[in-house]
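**Q** What follows is each chain in one-letter form.
Protein chains: 4
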Amino acid sequence: MSATFGNQIRVTLFGQSHAPAIGAIVDGIPAGVRIDEEKLQAFMDRRRAMGELATQRHEGDKVIFKSGVVDSVTCGAPICMMIENSDTRSKDYSNISLTPRPSHSDYSAFVKYGGHNDIRGGGQFSGRLTAAMCAAGFLCLELLRKKGITIVSHVSRIGDISDVSLDTLAPDPELNEQLKHSAFPVIDTDAKQRMTDAILLKKQQGDSLGGAIECAVYGLPAGLGSDFFGGLEALIAQTVFSVPAVKGLEFGAGFEFAAMSGSEANDDFATDAQDNIITSTNNCGGILGGISSGMPLTFTAAFKPTPSIALPQKSVKLREKEETELIINGRHDPCIVPRAAAVVEAAAAMALVNADGFIL
Amino acid sequence: MSATFGNQIRVTLFGQSHAPAIGAIVDGIPAGVRIDEEKLQAFMDRRRAMGELATQRHEGDKVIFKSGVVDSVTCGAPICMMIENSDTRSKDYSNISLTPRPSHSDYSAFVKYGGHNDIRGGGQFSGRLTAAMCAAGFLCLELLRKKGITIVSHVSRIGDISDVSLDTLAPDPELNEQLKHSAFPVIDTDAKQRMTDAILLKKQQGDSLGGAIECAVYGLPAGLGSDFFGGLEALIAQTVFSVPAVKGLEFGAGFEFAAMSGSEANDDFATDAQDNIITSTNNCGGILGGISSGMPLTFTAAFKPTPSIALPQKSVKLREKEETELIINGRHDPCIVPRAAAVVEAAAAMALVNADGFIL
Amino acid sequence: MSATFGNQIRVTLFGQSHAPAIGAIVDGIPAGVRIDEEKLQAFMDRRRAMGELATQRHEGDKVIFKSGVVDSVTCGAPICMMIENSDTRSKDYSNISLTPRPSHSDYSAFVKYGGHNDIRGGGQFSGRLTAAMCAAGFLCLELLRKKGITIVSHVSRIGDISDVSLDTLAPDPELNEQLKHSAFPVIDTDAKQRMTDAILLKKQQGDSLGGAIECAVYGLPAGLGSDFFGGLEALIAQTVFSVPAVKGLEFGAGFEFAAMSGSEANDDFATDAQDNIITSTNNCGGILGGISSGMPLTFTAAFKPTPSIALPQKSVKLREKEETELIINGRHDPCIVPRAAAVVEAAAAMALVNADGFIL
Amino acid sequence: MSATFGNQIRVTLFGQSHAPAIGAIVDGIPAGVRIDEEKLQAFMDRRRAMGELATQRHEGDKVIFKSGVVDSVTCGAPICMMIENSDTRSKDYSNISLTPRPSHSDYSAFVKYGGHNDIRGGGQFSGRLTAAMCAAGFLCLELLRKKGITIVSHVSRIGDISDVSLDTLAPDPELNEQLKHSAFPVIDTDAKQRMTDAILLKKQQGDSLGGAIECAVYGLPAGLGSDFFGGLEALIAQTVFSVPAVKGLEFGAGFEFAAMSGSEANDDFATDAQDNIITSTNNCGGILGGISSGMPLTFTAAFKPTPSIALPQKSVKLREKEETELIINGRHDPCIVPRAAAVVEAAAAMALVNADGFIL
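Chains as they are written, first to last, in numbering that gives the first Met the number 0: chain A, 0 to 359; chain B, 0 to 359; chain C, 0 to 359; chain D, 0 to 359.
Derived by calculation from the structure, the hints in this document are not laboratory data.
One or more of the hints may lead you astray.
Since the list can't tell identical chains apart, any single copy or any two copies may satisfy a pair.
As the list claims (entries may be wrong) - Using 30 Å as the maximum straight-line C-alpha spacing, the simulated DSSO-like pairs for lysine-lysine come out as follows:
1. 145 / 320
2. 179 / 146
3. 38 / 179
4. 61 / 313
5. 320 / 146
Whenever a hint applies, use it, and build me the whole structure from the sequences.
**A** Right, here's the structure in full:
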């Protein structure tokens, strides 16, 4: 079924943009894990709106534990995390219910659900649901953290502006800490300024911009993951492509592999000073045969531009089958990529705690 | 678990490169489907070696039905398809068992399985297993075909040579037919020649080359797939990333989205001559909100170069933790990408028959 | 994972007896199903306390839809049904936290969760969770009802008093209607009186009583279910044994089969007046080879007596490993079997909507 | 799907009675487990025909490992175990293809598969498939054995003759060893003789007999299993009800609970000489709240009599919808219960290795 992921830590999502609530059930978290609600809220905040670059929907995204936690400690029962939708201006969407917004799910959902889908704010297809993913992912990130595994991400691209890459051979703890506390995590400050300018320009034009998030997992021991359908690429792909707007995903050198020869691409084995087996390059992104190699696991996800733009667009009235011009009102991000960094980390964490061999 | 995929048509793979057999159990295929074994064999042959561009392992890849089929018609019981491994020269691999080959699964599998993994020919991580995927995928392709759904693919890139793209707005039946019968499916004959030359050059150099496969699904009705983890991107990603050597995957405009504005990227809705709702562009690759839009579903998968090359490489003796030079003998493709086209189609078919709303 | 069931209609339960809430996520319910909240509440009420026979916990068991339903119609998104726990007197359980109650989950849960389990009211093992099962089951019952399938149950046994059996060859619509509206559904009114007396006597004695629920599914067409692990017995067993206190389950003649010969047991085929194929007896309980035969599906579930009794019992202090006498205070049913009828119907419905071949 | 069970050790069954082969894929068995093929064959033999009490189908039930095992040691890849069907006299079944045998799956499978089902020998519904269950179960039993967990069973009932019970408080190693090596495991030798006589009498009469298997799991530590749908009763029920002919299942006191009061039923806690926490009775059959209590886990499964009897029976011609008399020829057991003991142990083992908390 579509709303549930995982065999070891099972996450079930629910909610629509304008339903009473959104949330997640997380089943399988061991008993005895202390939940730091402040830290959770800080993580949730990374996904939330940030000043002039984002929409004006002001919700605390306060996570309420409805079950599974007693006195801030997990008790072994499934954990229900709920976020109430307090600020839902449904009227803004009234004109689109039968005129699908280009590159949104309106039309495909209309067909699938026979017109009964919740059109308000994009229903369950809304980016709002990534808040539920973040809540669930936070618990998974905590399990990883307890094993010394860290996930870091940054905005590697906005439009034609690229950031420098994360280190694919070893973590940079200071940089990572900085990225984890930034609402717009970019390594190169100059690139960050140009990205900001590009987004603001598009905002002014009533347009939007796509981008990419690069993510690295540091501290992952060798031997996690599996052959066949349980490979780390397959697992991470399933959760990351579940993030709305993700349309591309590559591990290590990814699409660059297509232009490489084996002698360029292969990651030679070597030993480090502590006699650990490492590779001298990491084009494979820390995954060999679907199994972690012990090197940093790296991937990049491409996001399409926010499809909600203020510019007039062409659409079709579903009932009349009549072409028409559509103006989308309401609140929309000119670029959701900065906010997506936390979501990508959450998605990766959900996948990794379900990797074969990961001991809870 | 790692070897099983799907909730509606469930595929379970088994086998290693040098085990007595490889194969697949396919559960859920409706009773009464006639199996055209000649057609199956023709599909299997597309994945097999092709003359001077590929390895010399000469196996018929003859699929034997051990269960689920009576007089060439499915009976509703799980279908066991088995391919015997007749030509397995295990000796060729004796020197690598404790010196992992760069960018192969040798090292990560060694750690995961505590040294008990089947090292011969790469064990279950071998590209040989894609024959089992093709056998299972053939049955899925047949179910799709009965619904008027066709999957077509071609080699879109080898090294720095690119093919032209498949039509993302409508199928070209003649071209598709031609690609489906080619052992090296490329649209542009000039590009094909240059790709061949590039592969042969690398072969001569004892090296290998990466590439990419572009795939299109034509005839998919709107409304298949799902929100959350059951989205078509997530489903297809799970099967396609299970194909060994795939390191990147993008849908529609994919990574190009990162550089686009919403006004460029959005696919406007329109009506065609028959009053069907279509989009005038198809950057989203036929998927909106994880659900098919009725437009061709398109994606591209990037393959890393065959890691088995004849050139000397650096590795480490696992027991002694000693750096060493490794020479890989044995039979290896200079480029597996042409053979991967059928595998990618098979993988996509496995995903699509498991899409929410696909009626068997 | 433990909290999720089903591949077609997926139910995920959450909550503990004294958590803020309990509930269920139901994923896969088609869009466009109207929810009759009054009918839902009436079904929930069948499971609730009833006068002198049951506990004094007065909660409305009001089901709140947090997602998946818009204007009382399902929209295709996962349905979150939540019931708040308003009346939770946690203090009553303070003395048992380290002295496990006999035949409760206290001890086994203590070991499993390392003492972090929610001891209050039995945590997630509480009979209270059957309210969440009923909420989820109600939606499944509605799907069945739309296909003309009815589930009926009654208290077939309390202590040494047995009720007459449901008709295993054809439904009795009038009786079924009556049973569905009874808080203590028994066919034979004399037996019902004796059962009531027996329960009240035990209540007076500070003791409790076990019993059994017989359940019949009428209108199930032939051909649903499956071979192997998807057989109807296996599916129904998984949900019914998930109901706390169920310790036995039999289909059709069940344990009586052990004493029968084939010539006595076999259900001969015949045709009815409408030329339908029927069986002249129904010892197999409407299931042949795991697949429905078209005859009424019948099963009986045995319940152990409520383990919470007022009489002093022997237990062990978990920390000190010291034997001790335990007195359980708090509110407890002398017999939960009458209230379990609705729960068993809900559990059976969850299983049947997931049967192979059941079309939503 | 129907042919696959388990999230930790995943078993997929395939084959029909008269297909080329039957077998199982077992995925998740750790690498490095030595397979004792002689022991496996001895276990398979317990399920096979035994002299005058059983059918004359003489097949070695030789298990061939097609994958997953290298030099008799598991390598971590999915294990394909195959048993060829050498002795399949398909002609014997020709007259039944359109006249369903009473209490067999013929009719329900005909409806489900639209007449395409494999009628020969009962197809995938045949008791023959329990050989595949035994092969898979053997691997699971080995994993349990390594943790000190033993499963023992005996024929507790045939017709109106009952055996004494297994010890529910502690194992009797000598008795258990004896039962494990018996083709007809009964504790009381007098009961065994009477059971044998009863079966032979029915055989002479062309009739058959039902019975029951009692099973105990010794050495199971406390804390395995789960709340909700992952309870040990629910897990074991799913595999045991998948065994053809099982129509009833009870844990501990099972159906006797219905007649008990809480004060009679409750299992008081106590400490043993080693200060372990035990219960002084074990009516709950070693399971509290779906989780093991550390006491022996006990259950009994009821089997219906072999439906294939030599006596004339009434049936209906499916095409003509005409009542008719049916004579079943071919080879049939007068009582399959003795052979079922090994199958029940295998089924229980499959469930237990998938219990939450079972560490491989």
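**Q** It remains to establish, for every hint, whether it holds in the given structure.
**A** These are the hints, each one checked on the structure:
{"no.": "1", "hint": "145 / 320", "result": "between (56 Å within a copy, 29 Å between copies)"}
{"no.": "2", "hint": "179 / 146", "result": "within (18 Å within a copy, 43 Å between copies)"}
{"no.": "3", "hint": "38 / 179", "result": "within (12 Å within a copy, 50 Å between copies)"}
{"no.": "4", "hint": "61 / 313", "result": "neither (38 Å within a copy, 45 Å between copies)"}
{"no.": "5", "hint": "320 / 146", "result": "between (56 Å within a copy, 25 Å between copies)"}
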